[in-house]
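Novice: Using the hints, put the two standalone chains together into the complex.
Top to bottom, those sequences are chains A and B. Here my numbering is used: the first residue of the first sequence is 286, the next is one more, and so on. Here my numbering is used: the first residue of the second sequence is 43, the next is one more, and so on.
None of these hints come from the bench; they were simulated from the model. All C-beta atoms in this analysis are idealised placements derived from N, C-alpha and C, irrespective of residue type, glycine included. Any given hint could turn out to be false.
[Stated by the list, open to error] Here are the simulated BS3-like pairs of lysine-lysine, each with C-alpha atoms no more than 27 Å apart in a straight line:
id : chain 1 : residue 1 : chain 2 : residue 2
1  : B       : Lys151    : A       : Lys415
2  : B       : Lys151    : A       : Lys418
3  : A       : Lys567    : A       : Lys808
4  : A       : Lys418    : A       : Lys391
5  : A       : Lys725    : A       : Lys659
6  : B       : Lys190    : B       : Lys151
7  : A       : Lys586    : A       : Lys567
8  : B       : Lys190    : A       : Lys418
9  : A       : Lys468    : A       : Lys421
10 : B       : Lys115    : B       : Lys151
11 : A       : Lys468    : B       : Lys115
[Unchecked claim] Listed below are several chain B residues computed to face chain A (Cβ distance under 7 Å; list not exhaustive):
id : residue
12 : Tyr60
13 : Glu98
14 : Leu100
15 : Glu103
16 : Ser110
17 : His113
Spelled out, the chains give:
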Amino acid sequence: MADLVNLTIDGKPVQAPPGTLVIDAAKRAGIEVPAFCYYEGLSLQAACRMCLVEVEKMPKLMTSCTLPVAEGMVVRTETPTVAAARKSMLEFLLANHPLDCPVCDKGGECELQDMTFRYGAGESRFSENKVHKPEKQWSPVVFYDMPRCILCYRCVRICNEGMGVNALGIVNRGVVSEIAPNKQDHLECDECGMCIDICPVGALTSGAYRYHTRPWEMEHVGTICAHCADGCKTTLGVRNNQIIRGNNRDRSGINDEFLCVKGRYAFDFYNHPERLQSPLLKVDGKLEPVSWSQAIETVAKKFQQVREAGGKFAVVGSNHTSNEEDFYLQKFGRQVLGTGNIDHHRTGDVPALLDALSGKTGKLAVSADLYQRKAVLVVGADLALEHPFLSFQIRANYRHHQAHVYVVTPRPVREDAVAAVSLRDACADVFGPLESLRAKLAAEPELVIVFGDVVKGEAVRRLVDFGESLGIPVKYVALVDYSNSRGAVDMGLLPDAGGLALPEMLAAGDLDAFWVVGANPLKAGELRSRSAFVVVQDMFLTETARAADVVLPAACAYEKNGTVTNVCGEVQKLKKALGTMGTKPDLEIIGLIAREMGAAPVMGPWTAEKVFDEIRRSVRGYDIPVPVVAAGGAAQTMPVNGRIPLDGRPDLIRSARDSLFTSGTLGRYSKVLNSVVESRNNR
Amino acid sequence: MTLSAELEARFDKLLKSYPPGRQRSAMIPMLLYAQDELGSVTPELVEEVARRVGVEPLQVEEVMSYYSMLHRKPLGRYHVQICTNISCLLTGGEELWQHACKKLGIGHKEVTADGQVSLEEVECIGACSWAPALQVNYAFHHQMTPEKLDRLLDSLRKAQ
Ligand code: SF4
Ligand code: SF4
Ligand code: SF4
Ligand code: FES
Ligand code: FES
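Only chain B is shown next, with the shape it has when bound in the complex (with noise of 0.2 Å):
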């Protein structure tokens, strides 16, 4: 398979990164950076990762059905990661979460129709400290309210 120029160089020196004969350490990040460049962790995605780190794409798959943060599915152009662990529970952020669901009329891993949005349920995100908290992409947002959820969502749908 083909990667951008980037890519390749990213796997590169990801590889170069872990001492001789423990390259599968590059599995992880080879794949979420992969993602974030292509959307999702393809079947194809998953062949090439395991033959670079040399391993057996079920030893992939193992990785990949382990951790939420690795997607099979293409997300939105803007994923939104709500936090509902302790802190951010006890300072409204299941509120946060029911009203975006409602607002975007879409849950948990789901996208909206024009692609555009997607929202995740997660847990701690370790922000607590400004609980509620939660994430776009790789941005954090502090301190949430509805009010500001919404001026937030409205800002992604209309970005482009």
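Just chain A, with the same shape it has in the complex (with noise of 0.2 Å):
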């Protein structure tokens, strides 16, 4: 490592590296330098100058936000010159902002709020007019009042550099310049609300939290995002037991501060009115609301039967359901039920890689390898609309480290503008183009590889291969869809040997009992067995919950504790923000089943840590450390020692390829994408 620089900063030694700003040297030594403009890991701007601190030897006030370390520097970031030098600079700021902090978003986490307060720039001594223009709104999403910018240029570098969007700019100069939207009067973006929340101030605003709260009047619930694999931590800002918005500007997760708008804004399926809040009971082919211990009785009752007579049950899980709820209903199904007959709408060949790694150490990639490694190869994945973070961290990792970027996709990508190489696998055999990258990898340092639904079965284990052949340390993703799809494999939401898969469950024309838990399989198919005793636990009246015999109101993964697997093995604790009045969270559900049926003992007692304890007792992999999840960490799972049991079954592996604004049913339910969706088609 190249020798540290020492300087003295407000009279304290400080060692950092070479090329260090002043202002990052200073925060880590604890002491901070206001700045509106500057922000880590975005490129510099110097545009608002509240960062001035002065330097020894230096005739001018320097902006620490572009000022390197160097040996023997001598800083002093509050002295009366500077304190004067913020103060006048705010006095700009403020010569054109409109006081209306009381009524203003912001208010109360804004900060030239704050820096006003911390300098006394309250006084103007301008009495030249205000430029004022009405509030435009851009999107469903995005709102800008052009009065309160202080045009920092934040939300601009952030889409451009962050999102790789590049939908905002700044047009006009002077008093008069302004953001602008992509399309004259409207965006055409990814809608992620990054540029909203980046703003120090109130000038962009969401149309999903303004005007609705103040923010000390919400609680702050850090949890999952309920939408892909990713597993970003969304902080839930709550009130009065409902959502009001979401962001994670406390950079608590491994996705830092992104979200998408899926994690950002479509929390808001919750409240929808069509959500179920009285469990079912099909009464003359008419789905009549019943009490919960009628609903249980009737299911336990007629599970009893089946079993019983020896008849057939299947059951299936859900890509969305907490780990401890799959564990145990996959435990219910093979111990209470006595069936093999279990599994889930599969989404990426998890197994299959598992299967290919036995025996290896170190080969599955974390989402940070996405953001660290030296190159980063993408296989068959629109990542930009597929797995938003996992997309933001390539672009991120090629800003800030060069990472060198491959692409193998059908269609062009976002990820192509980062790309050293992109290639278009026009006949869908991604190892032709494969082989023709093989010089160019192998001459990399180390190299993470990230493979969709294209390649399953046989081909993962070509893909393993090919990486294991280059000579170089190879880390692996497989792409899942959905929040907890990776944790539905992991927790064994897959059948036995000999047992029926989810399609062969359809096809069955003798199921006795058909169980489904937080699925739609009957939105693009339909259950043969017409006599079967179907129970449905769902947040709304899905395709399959329609053709329940009884449907029971489940909670969705906001109002539930557990824990969830992203789609890079990593585990994490969702926390529950509120509760929705008649459901209940899916584990609770299968435990009254349980215990009506006298299954109690078996199945054991269905608290979230509970059951997590069993996990990390018997789940392959799963034995992590508690303290890291239940801090609101991310521990990854490390399940390949051995081969696992895989039934090779890569034709039932089908992405459902959800793009930014849609979610596969519960996408439907939530009104933000549905109207980021209408206003595109609109346009």
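Specialist: This is the structure we're talking about:
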């Protein structure tokens, strides 16, 4: 490592690697230098001049956000000259800023408000008229209020650099400068809201949150996004048992402060008017509301009858329920119902990858690897649409570490913009293009290979053989679709040898009981066993729930505790943010059925903690440190230490290819996602 | 959009004048040369330049809205830029400006009905030593007086 540079900041001796900016060196030494335009991880702008500091032997105040540390430098961050300079910078900023803090969404967490408070530029010597322009709505999500904007360029940079979308710019100059969207009067973009959250003031506000509450009136609950498999931490702002916003400004998760439109805004399925709030029982062909006890009793009795008659069960689990629920469900199926007909909608060939890697260690990438490793190869996935966070990581890796990115996809993807080589595999054979990359890849010091569902079954083994033959350290990620698709596989929501897989369950004419937890297999399929007793646990009356004999209203991911495992095998904690009347978490529902059937002793208690303990003891690779997960961190499972049972049914693996604004059945019930799709269609 | 052979050649040369990956640096000269040929920067030209330098049209718009020498509307055949910055102001630039406006019956960034002459009040054009100064297209006219201006404007209005 290069020698550290010695300098003094506010009388404190400080050491920092060469190239460190004074503002960062100060921060690491616990000294905060105010900044509006500087933002760690984004390009330098030096537009606001709030970060001015005094540096000995330099004639003028310096912008610490652009000044690299130098040996022997003596910096003072809070002298009367500095304070006076900051005060006058604030006076300039406020010259055109409305005094509407009392009605501004940002009030209470506004950086301009804080700084004005600190440096006291509350009075202005400017008597000119303020430039006023009416507020504009650029999309269902993004609103812009020009007078509040302090032209720090944060939004422009996060959109260009962080998101790779380039949807925002600054037009005009001087006092009439303002932010402009890419399509004259509206935005055509990811609707991620990154620009809104990064705005230091209330110039950009979100359709979801604006004028709803004050930041200090909410409780902030850090949990995991309910949508895709990337596992972003989203901090939900909850007030009066309602989620008002999602963000991750505290940078507490693996995703730092990244969230896509789904994690930030699409929590709003939980209070959709069609949300089920009472169990339903089919009476004369019609679903009627009944009490929980009656519904549970009906299910338990029927399950018992079928079991005693030696009938045939089939159990379908979810891509969204917690590890605990998945584990409990498969255990119930196997040990209480005595069936091996257990499955879920499989979205990526994780078992094949684990199998191909058996006996090897350190072969599974975590999400941080995509940001840190020197080279990344993306095979057959449009990450920017299907895995927004992984895509963000790769872009950041390219920006910050000049990572080499290789892309082999059927169509152009956003990663092309940062790729060293992009190849189109028109004939759907990825190995041709891969071979042509062999020499380049082998010359890399290390590599992470991310592959979608085009690579499955034997192809996964071939891909691993290819990777291992490069002679460099290679790590892998098998992409899966949803928030706990990975957990569903790991927990064993897969058929036993000889058991029925999902399409076979639907096709079998002789099922006696069909139990679906948080899945919608009848959306595209049909259940041939017309006389089967169908039990569905779900939040909504989906196609599958409509066909049920008993529907049990389930709590959503934001309404329960537990754990989920993301696409990279990182286990993180779900934290209950609120409750919806009439619903129960699936774990409790399954527990109640077990108790009613007298199976409680076999199944054990249905608290998330107890089940997680059992998972740690009995699921391969899940012996992870509890404190890490309990503290809201991510612990990677390490399941690659021996062959795992593999039924080798690549034909059943099919990613739903959800894009930015869809999210399987769940997405249909998000008002935000619907309004975004609608506005895009109407344009 | 199709461009003249000269403009194509210019664009190619400009794009090659910057190191790989820095092609966006060619944006302003491209816009200026194209404006000279087409008379203004049209929305199609914005798209075209964006495509060629590899940025979003919005990023060309940022530049367009910043620089006053890039025009969205066609100018006159002769674009007269009169300086009213400090040196010229002290030596009668303001009077020249007023005089020109009155004589042509047009104002700042406006064009005569026949499309022959347009006016623009500009900041220092770097000819302070010979103030008051003005510019007709790319030609400078020094030490102007209202009489010289009259003769100049008359000749421009007749010129073909
Ligand atoms: S919402 Fe996201 S994609 Fe859209 S302008 Fe803002 S940062 Fe860019
Ligand atoms: S909108 Fe916000 S983030 Fe963007 S430049 Fe203005 S103040 Fe900065
Ligand atoms: S990337 Fe995936 S996990 Fe992250 S916020 Fe978006 S949908 Fe949620
Ligand atoms: S933070 Fe340094 S100039 Fe804005
Ligand atoms: S002030 Fe007119 S040319 Fe300089």
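Novice: For each hint, tell me whether it holds in the structure or not.
Specialist: Hints, one by one, checked against the model:
1. B:Lys151 with A:Lys415: Cα-Cα ~26 Å, so holds.
2. B:Lys151 with A:Lys418: holds, 24 Å
3. A:Lys567 with A:Lys808: Satisfied, since the Cα-Cα distance of roughly 19 Å is no more than 27 Å.
4. A:Lys418 with A:Lys391: holds, 19 Å
5. A:Lys725 with A:Lys659: holds, 13 Å
6. B:Lys190 with B:Lys151: Roughly 22 Å separates the two Cα atoms, so the pair holds.
7. A:Lys586 with A:Lys567: holds, 15 Å
8. B:Lys190 with A:Lys418: Given pair B:Lys190, A:Lys418 is violated - Cα atoms ~44 Å apart, limit 27 Å.
9. A:Lys468 with A:Lys421: Judged against 27 Å, a Cα distance of about 13 Å means the pair holds.
10. B:Lys115 with B:Lys151: Satisfied, since the Cα-Cα distance of roughly 9 Å is no more than 27 Å.
11. A:Lys468 with B:Lys115: Holds. A:Lys468 to B:Lys115 sits at ~20 Å (cutoff 27 Å).
12. Tyr60: At about 19 Å, which exceeds the 7 Å cut-off, the nearest Cβ of chain A leaves the hint on B:Tyr60 violated.
13. Glu98: Constraint on B:Glu98 satisfied, holds at 4 Å.
14. Leu100: holds, 4 Å
15. Glu103: holds, 6 Å
16. Ser110: It is violated, given that the least Cβ distance between B:Ser110 and chain A is near 9 Å, above 7 Å.
17. His113: violated, 15 Å
Violated hints for the displayed structure, listed by number in ascending order: 8, 12, 16, 17.
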